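Whole structure, please, built from the sequences with the hints as guidance.
Here is how the chains run, residue by residue.
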Amino acid sequence: MKPAKLSAVALAAVMAAVTLGACGSGDSASTAGAGAAECTPRHQFSTVSEGELTVALAPYEPAAYTDSSGNLVGIEGELLRQIAEWECLEIKVLPLGSYAATIPAVQSGRADITVGDIYRTAERAAVTTLTDPIYKDALEIVSKGGTVTSIQQLVSDNLRLGGSTGGLWDDDFQKLLGDNFKLYQTFQDAVQDLQAGRLDAVVMSSLGYNALTAGVSGVAGVMPPADSRVTASTAPGQATWPTNNSNPELTTALNADISELRSSGAITEALEKYDLDPELADPGEPNLL
Amino acid sequence: MGGGLLHDWAQQIGPLAQGLWVSARLAVVGLAVGLPLGLLLAIGVGSKGRSLRWACVGIVEIARGTPMLVVLQLVYFGLPQVNITLSSFVAAVVSIAVITAAYTSEIFRSGLAAVPHGQQDAARALGLRTADRLRYVIVPQGIRIAIPPLLNFAILIFQGTSLAFTIAVPELMAQAYGIGASTFLYMQVLSLAGLMYAAITLPSAAGVRLLEKRLGRHVAAAA
Numbered sequence: 045m046k047p048a049k050l051s052a053v054a055l056a057a058v059m060a061a062v063t064l065g066a067c068g069s070g071d072s073a074s075t076a077g078a079g080a081a082e083c084t085p086r087h088q089f090s091t092v093s094e095g096e097l098t099v100a101l102a103p104y105e106p107a108a109y110t111d112s113s114g115n116l117v118g119i120e121g122e123l124l125r126q127i128a129e130w131e132c133l134e135i136k137v138l139p140l141g142s143y144a145a146t147i148p149a150v151q152s153g154r155a156d157i158t159v160g161d162i163y164r165t166a167e168r169a170a171v172t173t174l175t176d177p178i179y180k181d182a183l184e185i186v187s188k189g190g191t192v193t194s195i196q197q198l199v200s201d202n203l204r205l206g207g208s209t210g211g212l213w214d215d216d217f218q219k220l221l222g223d224n225f226k227l228y229q230t231f232q233d234a235v236q237d238l239q240a241g242r243l244d245a246v247v248m249s250s251l252g253y254n255a256l257t258a259g260v261s262g263v264a265g266v267m268p269p270a271d272s273r274v275t276a277s278t279a280p281g282q283a284t285w286p287t288n289n290s291n292p293e294l295t296t297a298l299n300a301d302i303s304e305l306r307s308s309g310a311i312t313e314a315l316e317k318y319d320l321d322p323e324l325a326d327p328g329e330p331n332l333l
Numbered sequence: 010m011g012g013g014l015l016h017d018w019a020q021q022i023g024p025l026a027q028g029l030w031v032s033a034r035l036a037v038v039g040l041a042v043g044l045p046l047g048l049l050l051a052i053g054v055g056s057k058g059r060s061l062r063w064a065c066v067g068i069v070e071i072a073r074g075t076p077m078l079v080v081l082q083l084v085y086f087g088l089p090q091v092n093i094t095l096s097s098f099v100a101a102v103v104s105i106a107v108i109t110a111a112y113t114s115e116i117f118r119s120g121l122a123a124v125p126h127g128q129q130d131a132a133r134a135l136g137l138r139t140a141d142r143l144r145y146v147i148v149p150q151g152i153r154i155a156i157p158p159l160l161n162f163a164i165l166i167f168q169g170t171s172l173a174f175t176i177a178v179p180e181l182m183a184q185a186y187g188i189g190a191s192t193f194l195y196m197q198v199l200s201l202a203g204l205m206y207a208a209i210t211l212p213s214a215a216g217v218r219l220l221e222k223r224l225g226r227h228v229a230a231a232a
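Residue numbers (my numbering), protein chains in the order written: chain A, 45 to 333; chain B, 10 to 232.
What the hints contain is simulated information worked out from the structure, not anything from laboratory work. All values derive from a computational prediction rather than experimental measurement. Cβ atoms here follow ideal geometry from the backbone N, Cα and C, with glycine treated the same way. Fair warning: there could be bad hints in the mix.
Claimed, not checked - Which stretches of chain A does chain B cover? Using the computed rule of at least three CB atoms under 8 Å from a CB of chain B, they are:
#, stretch
1, 100-110
2, 127-140
3, 229-237
Claimed, not checked - Chain B regions said to be covered by chain A (calculated; three or more residues, Cβ under 8 Å):
#, stretch
4, 82-95
5, 149-162
Written out as structure tokens, the structure is:
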């Protein structure tokens with residue numbers, strides 16, 4: 045009798061706990077619902093995690109990186125914070141360290157978007173959905189004293205050039221310079237080799253020039269004249285946010301928000317906040333390099 | 010989807026093969042430099058001379074305790090601070106040689122220690138000097154015992170060359186990441202790179218097992 049009574053009491057306790065828990069969940073959902081009632085998202089779309097915009101991040105200052113508290117900052121960080129506010133979302137940063145991890149994170153549905161001055165190209169558009177351009181960027185050649193001023197000079201003077209994996213210009217410089225073109229894991233490594241004398245110049249995006257050369261003395265950057273042998277020198281790169289192909293609603297929403305950010309001057313402000321040319325806020329018509 | 014993957018691989022395999030060749034050269038040269046150093050360290054660790062013994066123990070323990078990634082960074086980016094500037098390939102070879110020497114010294118030491126004591130006694134009884142005992146009796150037998158674990162270590166070093174990407178060596182992983190960055194086809198190209206590593210390591214591992222059997226034949230027969 046006693047064991048049976050104990051079992052009955054235990055069962056009742058478990059059922060009570062489950063019921064109370066369900067009521068609690070209901071209350072959380074209603075709280076969230078009440079919260080949602082105070083904030084009406086401008087667009088309807090799903091995200092990897094409800095109520096959150098999951099951003100896969102490979103830090104690239106000043107485009108997108110985290111501050112000491114882990115908050116997403118940088119030009120794209122500022123813009124995404126505004127978008128998150130409009131769409132009633134919290135930003136959740138997924139720090140993954142490199143584009144080799146952030147792109148698969150978006151493709152596999154672990155993240156909604158990835159950021160960090162990613163250029164629009166036809167190859168990339170074939171495997172992810174790219175938003176409309178956010179701002180434009182250009183190729184910059186950095187050398188000691190700014191003495192390297194053109195792509196032709198790299199060829200004629202047999203100069204050694206370094207870059208970081210993922211640059212739009214990698215293939216063209218590889219074909220043009222052969223073994224004189226070296227790829228590094230990060231731009232910082234390439235700049236370090238410039239200082240050590242292993243390189244004569246480093247090619248990087250103009251966006252990252254200030255951050256990547258801060259504290260490095262004796263170097264200067266030059267935007268070279270257009271050279272048909274390096275496509276990226278003839279047309280500026282357009283920064284974009286890759287999203288998963290199976291979430292077109294998210295891309296549509298982001299495109300609308302990007303348009304509003306541009307017309308309100310928010311993109312210009314974000315660029316100026318990080319000491320960049322406000323002209324970059326006008327990327328021109330969307331193109332795929 | 011299968012056709013798409015094969016098409017992607019067909020386009021990627023050329024640059025990856027170039028990277029694989031660099032990885033292979035890196036491993037071979039690094040091992041060629043590191044293995045003799047490992048043998049010397051093993052002999053030094055077993056030396057009766059205290060200073061030599063402790064110096065060799067110190068080198069082995071420090072090198073074994075330092076991850077290869079750290080060694081690569083120190084050799085490539087750290088040495089220029091003292092005016093020693095090595096190219097990426099040479100810096101990677103030096104780093105692999107250091108790690109190889111440290112780890113294989115223990116493999117060699119075990120091999121040398123496994124030579125039956127009777128061999129040492131017989132060599133001493135014949136009046137051979139220490140250097141001659143090592144050269145003609147102990148080391149040849151010890152190396153034969155150490156060959157299978159050394160070959161297994163060589164396979165690990167070959168896989169470890171992927172870390173040389175961090176100091177701009179255009180090896181297999183560097184090529185794979187470069188293609189992935191341009192095309193966003195990271196999974197496809199990294200899968201192909203993995204298969205290319207396996208194409209080297211799997212037959213090598215099978216070869217090591219065969220060699221182990223062959224080298225141990227006389228022991229099995231005696232038993």
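**Message:** Are any of the numbered hints broken by this structure? If so, which, sorted upward?
**Reply:** Numbers 1, 2, 5 - these are the hints that the structure violates, sorted from lowest upward.
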